[in-house]
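Sequence order for the protein chains is A and B. My numbering numbers the first residue of the first sequence as 1 and each following residue consecutively. My numbering numbers the first residue of the second sequence as 1 and each following residue consecutively.
Fair warning: there could be bad hints in the mix.
If the Cβ cut is set under 8 Å, some of the chain B residues that face chain A in the computed set are [claimed, not checked]:
| # | residue |
| --- | --- |
| 1 | 4 |
| 2 | 8 |
| 3 | 15 |
| 4 | 18 |
| 5 | 31 |
| 6 | 36 |
| 7 | 44 |
| 8 | 47 |
| 9 | 50 |
| 10 | 51 |
| 11 | 90 |
| 12 | 96 |
| 13 | 100 |
| 14 | 103 |
Over the 10 Å line for every Cβ pair with chain A, so calculated as not near, a few chain B residues [as the list claims (entries may be wrong)]:
| # | residue |
| --- | --- |
| 15 | 67 |
| 16 | 85 |
| 17 | 86 |
| 18 | 114 |
With the C-beta cut set under 7 Å, the calculated list includes, among others, these residues of chain A facing chain B [claimed, not checked]:
| # | residue |
| --- | --- |
| 19 | 54 |
| 20 | 58 |
| 21 | 60 |
| 22 | 91 |
| 23 | 92 |
| 24 | 96 |
| 25 | 125 |
| 26 | 127 |
| 27 | 128 |
Source of the hints: derived by calculation from the structure; they are not laboratory data. Cβ coordinates follow ideal geometry from the N, Cα and C atoms, glycine included.
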Amino acid sequence: MPGTGPGMLRDRRARVRAIPRRSAVWYNKCVDLLTVSVTARESAGHPYTLVEVGGEADVTNSDELHRLLEGEAAAQPRMLIVDLSGLRFMDSSALHALLRVNRSLDRQGGVLALVSPQPAVAKMLRLTTADQLIPVFGTVAEAAVG
Amino acid sequence: MKRGPVSVSYTTDLSAVRAVVHRYAVAAGLSDARAIDLVLAVSEVAANTVRHARSGGRLEIWQGTGEIVCRLSDGGTIADPLAGRRQPSLDDLSGHGLWIVHQVCDKVEIRSGAAGTTIALHMALHAGDGPRHAP
Chain A
1 MPGTGPGMLR DRRARVRAIP RRSAVWYNKC VDLLTVSVTA RESAGHPYTL
51 VEVGGEADVT NSDELHRLLE GEAAAQPRML IVDLSGLRFM DSSALHALLR
101 VNRSLDRQGG VLALVSPQPA VAKMLRLTTA DQLIPVFGTV AEAAVG
Chain B
1 MKRGPVSVSY TTDLSAVRAV VHRYAVAAGL SDARAIDLVL AVSEVAANTV
51 RHARSGGRLE IWQGTGEIVC RLSDGGTIAD PLAGRRQPSL DDLSGHGLWI
101 VHQVCDKVEI RSGAAGTTIA LHMALHAGDG PRHAP
């Protein structure tokens, strides 16, 4: 996300909100095996940020994943929803990226929600009990209404 | 039919490592859930190579009597003999890797010294190979 401080993100969000109904993709980013796309959305008048993560997240790209998610958290969304349905694999480094972002959001009164993890990702969340700390939903729509 | 051994070197290409392990595990008859467990474990050990070792590592997979073994060797050293034996808190942003390895594998052997580290992960091939942990 070159040249986008928190201020820039807020500016972009304002522009996206001006578009009637649901948003445009802010950016698509591909880091080796990992793809991340971010959109601003709205559900029943409540805005949220949707991050769709795809591919495989491990120690070789978890720093980048953390940077991207932390960048979104810096825009202080009420809710940051991470759709994991396209993510085939997540190791403990990538889990730590989610835990750190969860902490950042928690401190500023925001909420992180995860959606639709595949079996390997769900297993990681369950083994580490991260799924008891971060809410996991079946669909984005469910997550959006909390 | 027993499958022959496989040996691969790796550096940061962990996706390829995971693919090799998953293919071998499924072909050897491990259930989907336990093949995922083995992939998780191998990936965490190989991730430690990426984090701590100065050079790459080697993965060997073979089918023993009633089990699959994945042995990973690298030049790193694990100082804590109890590494992975205690469950880290979610506030700890390290230490989950080896803990997960111990959770999902049937047996884990760790040998570590100045010459490097070798970790052998054993997964039993049960008759009705069910997941060790409830889904």
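Verification of the supplied hints:
1. Here the hint on residue 4/B is broken, as its CB sits about 26 Å from the closest CB of chain A, past 8 Å.
2. Because the closest C-beta pair between residue 8/B and chain A is about 16 Å apart, greater than 8 Å, the hint is violated.
3. Nearest Cβ of chain A to the Cβ of residue 15/B: about 5 Å, under the 8 Å cut. The hint holds.
4. This hint holds: residue 18/B has a C-beta 6 Å from the nearest C-beta of chain A, less than the 8 Å allowed.
5. With 8 Å as the threshold, the beta carbon of residue 31/B stays out of range of chain A, its nearest partner Cβ sitting at about 11 Å, so the hint is violated.
6. The beta carbon of residue 36/B is positioned within 8 Å of a beta carbon in chain A (closest approach about 5 Å), and the interface hint is therefore held.
7. Nearest Cβ of chain A to the Cβ of residue 44/B: about 6 Å, under the 8 Å cut. The hint holds.
8. A least Cβ separation of about 4 Å between residue 47/B and chain A falls short of the 8 Å threshold, and the interface hint therefore holds.
9. A hinted interface residue such as residue 50/B counts as satisfied when its beta carbon comes closer than 8 Å to some beta carbon of chain A; here the least separation is about 5 Å, so the hint holds.
10. The beta carbon of residue 51/B comes within 6 Å of a beta carbon in chain A, closer than 8 Å, and the hint placing it at the interface holds.
11. A distance limit of 8 Å between C-beta atoms decides the matter here; for residue 90/B the minimum to chain A is near 6 Å, and the interface restraint holds.
12. This hint holds: residue 96/B has a C-beta 4 Å from the nearest C-beta of chain A, less than the 8 Å allowed.
13. Given the 8 Å rule on beta carbons, the hint for residue 100/B holds: about 5 Å separates it from the nearest Cβ of chain A.
14. Taken as an interface hint, residue 103/B checks out: its beta carbon lies about 5 Å from the nearest beta carbon of chain A, inside 8 Å.
15. At the 10 Å boundary, the C-beta of residue 67/B stays outside the reach of chain A, the nearest C-beta of that chain being 20 Å off.
16. The claim that residue 85/B is not at the interface with chain A holds, since no C-beta of that chain comes within 10 Å of its own (minimum 15 Å).
17. For residue 86/B, the condition that its CB be more than 10 Å from all CB atoms of chain A holds, with the nearest at approximately 13 Å.
18. Residue-level check passed: residue 114/B sits 24 Å from the nearest beta carbon of chain A, beyond 10 Å.
19. At its closest, the beta carbon of residue 54/A sits 13 Å from a beta carbon of chain B; the interface hint therefore is violated under the 7 Å criterion.
20. At about 5 Å, the closest approach between the beta carbon of residue 58/A and any beta carbon in chain B falls short of 7 Å, and the interface hint on this residue holds.
21. Taking 7 Å as the C-beta cut-off, the interface hint given for residue 60/A holds, the closest approach to chain B being about 5 Å.
22. A cut of 7 Å between beta carbons decides the hint on residue 91/A: the least distance to chain B is about 5 Å, and the hint holds.
23. The restraint placing residue 92/A at the interface with chain B holds, with a minimum CB-CB distance near 4 Å, inside the 7 Å limit.
24. Because the beta carbon of residue 96/A sits about 5 Å from the nearest beta carbon in chain B, less than 7 Å, this interface hint is met.
25. Look at residue 125/A: its Cβ only gets to about 11 Å from chain B, farther than 7 Å, so that hint breaks.
26. The closest approach between the C-beta of residue 127/A and any C-beta of chain B is roughly 5 Å, which is under the 7 Å cut-off, so the hint is satisfied.
27. Proximity of residue 128/A to chain B holds as hinted, the smallest CB-CB distance being about 6 Å (cut-off 7 Å).
Checked against the numbered hints above, the structure breaks hints 1, 2, 5, 19, 25 and satisfies the rest.
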